[in-house]
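Enquirer: Sequence:
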Amino acid sequence: MMGMPDLSRHMMAFSPQVPLWCIYLLLAAVTVMTVAGLARRVRGSVWRLLAGLGVIAWLCDPQRITETWHPLPETALIVVDQSASMSERNRGDMARNTAERLQAEMNRVPGLVPRIVTLREAQHGGTRLFGALRQAAADIPPSRLAGAVLITDGEDHDIPASVPDMLDPDDGHGHRTMLPLHVLLTGRGEETDRHLRVLQAPPFAIVGKDVTIRVEIDDQGAPPAPDATTQLTLTQGDGTTFSRPVRIGQPQDITLPVTHPGEMLVGLSAPELPGEVSTRNNHDVIRINGVRDRLRVLLVSGTPNQGERVWRRLLKADPSVDLVHFTILRPPDRDDGTPLSDLALIAFPVNELFQQKIDQFDLIILDGFENRGILPEAYLRNIVNHIRAGGGLLLIGGPEFLTPGSLQDTPLSDILPAHVASGDGMTVRRFRPDLTETGMRHPVTSGLPGAPDRAGAQPGWGPWYRGLRTDSANGEVLMTGPDQQPLLVLDHAGKGRVAFLLSDQAWLWSHGEGGGGPQSELLRRISHWLMKEPELEENQLEAGISAGQMTITRRSVTSGPPPVVHVVAPDGTTQSVTLEPAGNTGLARARLPARQEGIWTVRDDAGHEAFAAPRTEDPVEFADLRATASLLAPMAAATGGGVHWLGDSPQAPSLPQVVMESGHARSTADRFAFPARNAHSVSGQQATSVLPAWAVGLFVLAMLLLAWWRESRS
1 MMGMPDLSRH MMAFSPQVPL WCIYLLLAAV TVMTVAGLAR RVRGSVWRLL
51 AGLGVIAWLC DPQRITETWH PLPETALIVV DQSASMSERN RGDMARNTAE
101 RLQAEMNRVP GLVPRIVTLR EAQHGGTRLF GALRQAAADI PPSRLAGAVL
151 ITDGEDHDIP ASVPDMLDPD DGHGHRTMLP LHVLLTGRGE ETDRHLRVLQ
201 APPFAIVGKD VTIRVEIDDQ GAPPAPDATT QLTLTQGDGT TFSRPVRIGQ
251 PQDITLPVTH PGEMLVGLSA PELPGEVSTR NNHDVIRING VRDRLRVLLV
301 SGTPNQGERV WRRLLKADPS VDLVHFTILR PPDRDDGTPL SDLALIAFPV
351 NELFQQKIDQ FDLIILDGFE NRGILPEAYL RNIVNHIRAG GGLLLIGGPE
401 FLTPGSLQDT PLSDILPAHV ASGDGMTVRR FRPDLTETGM RHPVTSGLPG
451 APDRAGAQPG WGPWYRGLRT DSANGEVLMT GPDQQPLLVL DHAGKGRVAF
501 LLSDQAWLWS HGEGGGGPQS ELLRRISHWL MKEPELEENQ LEAGISAGQM
551 TITRRSVTSG PPPVVHVVAP DGTTQSVTLE PAGNTGLARA RLPARQEGIW
601 TVRDDAGHEA FAAPRTEDPV EFADLRATAS LLAPMAAATG GGVHWLGDSP
651 QAPSLPQVVM ESGHARSTAD RFAFPARNAH SVSGQQATSV LPAWAVGLFV
701 LAMLLLAWWR ESRS
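Read left to right, the sequence shown gives residues 1 to 714 (full-length UniProt numbering).
None of these hints come from the bench; they were simulated from the model. Incorrect hints may appear among the rest.
Claimed, not checked - Okay, derived cross-link-like pairs now, BS3-like style, lysine-lysine, Cα gap no bigger than 30 angstroms in a straight line:
#1 K532 <-> K209
#2 K495 <-> K357
#3 K532 <-> K357
#4 K532 <-> K316
#5 K209 <-> K357
#6 K209 <-> K495
#7 K316 <-> K357
#8 K495 <-> K532
#9 K209 <-> K316
#10 K316 <-> K495
Bear in mind the structure is a predicted one, so any value in this text is a computation, not a measurement.
Full structure from sequences and hints, please.
Expert: Now the structure itself:
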C-alpha cells in the first residue's frame with residue numbers, strides 16, 4: 001500500500017558447489033578415516049576431522065539471505081443488500097449510507113482496502129447474499145482477502161450449511177485461516193411480521209361447484225400464543241366480502257363457490273399484527289379459472305351430408321364435449337320400400353331428447369334439418385324456451401328452408417335471427433364468403449386465418465356455390481355471401497344465443513376447394529360463442545397487470561368514440577382512462593401504472609367489469625419482512641465476526657469500530673476486527689556467503705598443521 005515502508009527479513013540457505021552425492025561421499029570418507037584413526041590411536045585424527053569438516057562446510061556454501069518485502073493491502077468486501085425487502089422502512093437508503101460511511105472508516109485503517117458490491121433485486125429465489133459474496137471474491141487472491149461485511153435486513157435465502165471456502169482459505173501448505181463475516185442490520189432490534197400463506201389453491205375448478213383452498217397465517221418473531229385466532233377476510237372480484245376465523249400458525253381449509261367461467265380473483269387479507277414491520281405480506285390474491293363441466297351437445301342432421309362429418313369430427317376432438325348425434329335417414333312421410341330393420345339403427349328418441357332431457361344440453365345443432373312432422377310444435381316450443389333460458393342453438397340452412405313447413409314456419413321463427421325469402425330463396429353460383437365491418441370486429445370472425453385486415457380487402461378463402469337469400473335479418477351479420485346477402489348471423493334470444501349459417505357448404509373449406517379456408521376454426525368459434533365462452537364475448541372488458549403496468553383492453557363490435565373506463569385501485573381511489581382504438585379490429589387499449597397490492601377493478605359506462613391483480617414476482621422475498629439476526633448470526637459467530645444493529649436513522653446509522661489485528665481477530669457487536677495476514681510481494685533479495693574461501697583455507701591449513709605437529713611428537 002502506498003506510504004507503507006518496505007520490510008525485510010533474514011534467513012539462512014545453502015548453495016552447494018558440487019552435487020550432493022559428492023558431499024555425502026566426502027563426509028562418509030572423512031568419517032571412516034577418523035574412526036579408523038581413533039581405533040588405531042593415531043594422534044592428530046581429531047584435527048584432520050576438523051579440517052575435513054571445514055572443507056565440506058565450504059563446499060555446502062552456507063549463505064545469509066536478506067529479502068525485502070513490499071506489504072500489500074488486504075481487501076474487505078462490503079455487500080450491500082438492495083433486494084425487494086430492503087424497500088421497507090427506508091432500509092435501502094440506510095444500507096447505502098452505511099456503505100459509504102463504512103468505506104470511509106476502512107480507508108483510515110492502514111493496510112485495509114474496502115470494495116463495495118451491491119446486490120440488486122432478484123427475480124426469483126429470494127435474496128442471495130452469499131452468491132454475490134462468492135462472485136465478488138473470485139478475483140481476489142485468497143491471501144489478500146481480509147473478510148466481509150453484509151449490510152442487510154438479515155433475510156437471506158442462500159446461507160450455506162458450513163463456512164464457505166472463501167472465508168476459510170487454504171494457504172497451500174495445509175494451513176487455513178478463518179476470515180470474519182460481519183453483519184450490519186438495518187434496524188434497532190428484532191422485529192415481528194405477520195405472513196399470510198396460501199398453501200394450496202387449485203388453478204382450475206368446475207363452474208357451479210365449490211373449491212377448497214388451504215391457508216395459514218404465521219406471526220413471525222412474536223412469542224407464540226396457544227390457540228390464538230384472527231379473522232381472514234376474503235374479497236371476490238365482484239366485491240363480495242366475507243370473513244373466516246383462522247388459528248395462528250395452523251393450516252385451515254376454506255371453501256369458495258365458483259360462480260362463472262374464466263378467471264376468478266379472490267383477495268385474502270389478514271389484519272395487521274400490532275407492531276409488525278409491514279402489512280405487505282398480510283395480503284394475497286389467488287386466481288382460479290372456472291371451467292364448465294362436460295358440455296353436452298345435441299347434433300341432429302336432417303339427411304346424411306358432408307357437413308355432418310365435419311361437425312362430428314370437430315366436436316369429438318374436444319375432450320370437454322359430450323356429443324349426442326342423430327341423423328334422420330328417412331322422414332316419416334316418405335316410404336321408399338326399405339325395411340325398417342335395414343334402415344333404422346335406433347329409434348329417434350324425440351320425447352326423451354326434446355321433452356325430458358332438453359335442459360341438459362348446452363348446445364343444439366340442427367344441420368339441414370327438415371321437420372316434416374318429426375318434431376311436434378310442443379317440442380319446438382320446448383327448444384325455444386330452452387334457448388331463451390340460456391341454451392345455444394345453431395342452424396345450418398340449405399334447400400330445406402325453401403319448402404313449406406320449414407323451421408322458420410314453426411315456433412322457432414320467434415328466435416331465428418334471419419328469415420329466408422319466399423320464392424327465389426336460393427342463389428346457386430360461385431362466391432367467396434366475405435366479412436362485414438361488424439364481422440371484422442366480432443371475436444367469432446375477427447382475425448380468422450386469411451381474413452382481411454382492413455375494410456374493402458378480399459379474404460383469401462376458397463369459394464362456396466350456394467347460399468340462402470333473406471328478406472330480413474335482425475341479428476348481427478358477420479359474413480356475407482352472394483350479392484352481399486347475409487351468410488352468418490348471430491343473435492341473442494333472452495338469456496340464450498342463436499347462430500344461423502345460411503349455407504350448407506362450409507365443408508368445402510375442409511376439402512381445400514379453391515385454397516380452402518378456416519372451416520374448423522370458424523365452426524369452433526361459433527359453437528364456443530353459443531356456449532358463452534368468456535374469450536368470445538362480443539363486448540368484453542379485460543385487464544391484466546404485469547411488471548407494475550396494467551393493460552386494459554375493451555372490445556366492441558360497434559364503432560364510436562374512444563371508450564372511457566374507470567379504474568378503482570385497491571385503496572379505493574378512482575381514475576378515468578380513455579382507451580386508444582387499435583385500427584378496425586374492435587379493440588381499444590390503454591396502459592397505466594398499477595403497483596398497489598390487491599384487486600383492481602375496471603368498469604366502463606356500459607356496465608362491463610374486469611378485475612386484475614399484480615403477481616408477486618418473488619414470493620420468497622416477501623415471505624418474511626422482518627429485520628432479524630437469527631439467520632446470519634450463527635455464520636458470523638462461526639467465522640469470528642460480529643453482528644451490529646444500525647438503528648432507526650437512515651441518515652445517521654450507528655457504526656462499530658473497525659480495526660486490524662495480528663493473529664486471531666477478536667470481534668464484538670461494537671468492534672469489527674479483521675486479521676492482519678501480512679500479505680506482501682518480494683521486491684528484492686541479497687545473498688552473502690557465510691564462509692569465504694580465504695577463511696576456510698586458513699582454517700583447514702591450521703588444522704592440518706596441528707595434526708602434523710601432534711603426530712610428530714609421538
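Enquirer: If a hint holds in the structure, say so; if it does not, say that too.
Expert: How the hints compare with the structure:
Using a Cα cut-off of 30 angstroms, the hinted pair K532 and K209 holds, with the two alpha carbons roughly 18 angstroms apart. The suggested pairing of K495 with K357 holds, with an alpha-carbon distance near 19 angstroms, which does not exceed 30 angstroms. At roughly 20 angstroms between alpha-carbon atoms, K532 and K357 fall within 30 angstroms of each other, so this suggested pair holds. Between K532 and K316, the direct Cα distance comes to roughly 19 angstroms. Compliance with the 30 angstroms bound is thereby established for this hinted pair.
A distance of roughly 21 angstroms separates the Cα atoms of K209 and K357; the hinted pair therefore holds under the 30 angstroms criterion. The straight-line distance between the Cα atoms of K209 and K495 is roughly 21 angstroms, inside the 30 angstroms bound, and the hint therefore holds. For the hint pairing K316 with K357, the CA-to-CA distance comes to about 21 angstroms; that is within 30 angstroms, so the pair holds. For the hint linking K495 to K532, the alpha-carbon distance of about 10 angstroms falls within 30 angstroms, and the restraint holds.
About 25 angstroms separates the Cα atoms of K209 and K316, which keeps this hinted pair within 30 angstroms; it holds. Distance restraint check for K316 and K495: the Cα-Cα separation of roughly 27 angstroms lies within the 30 angstroms cut-off, and the hinted pair is therefore satisfied.
Figure legend: structure checked against the earlier numbered hints; every hint is met.
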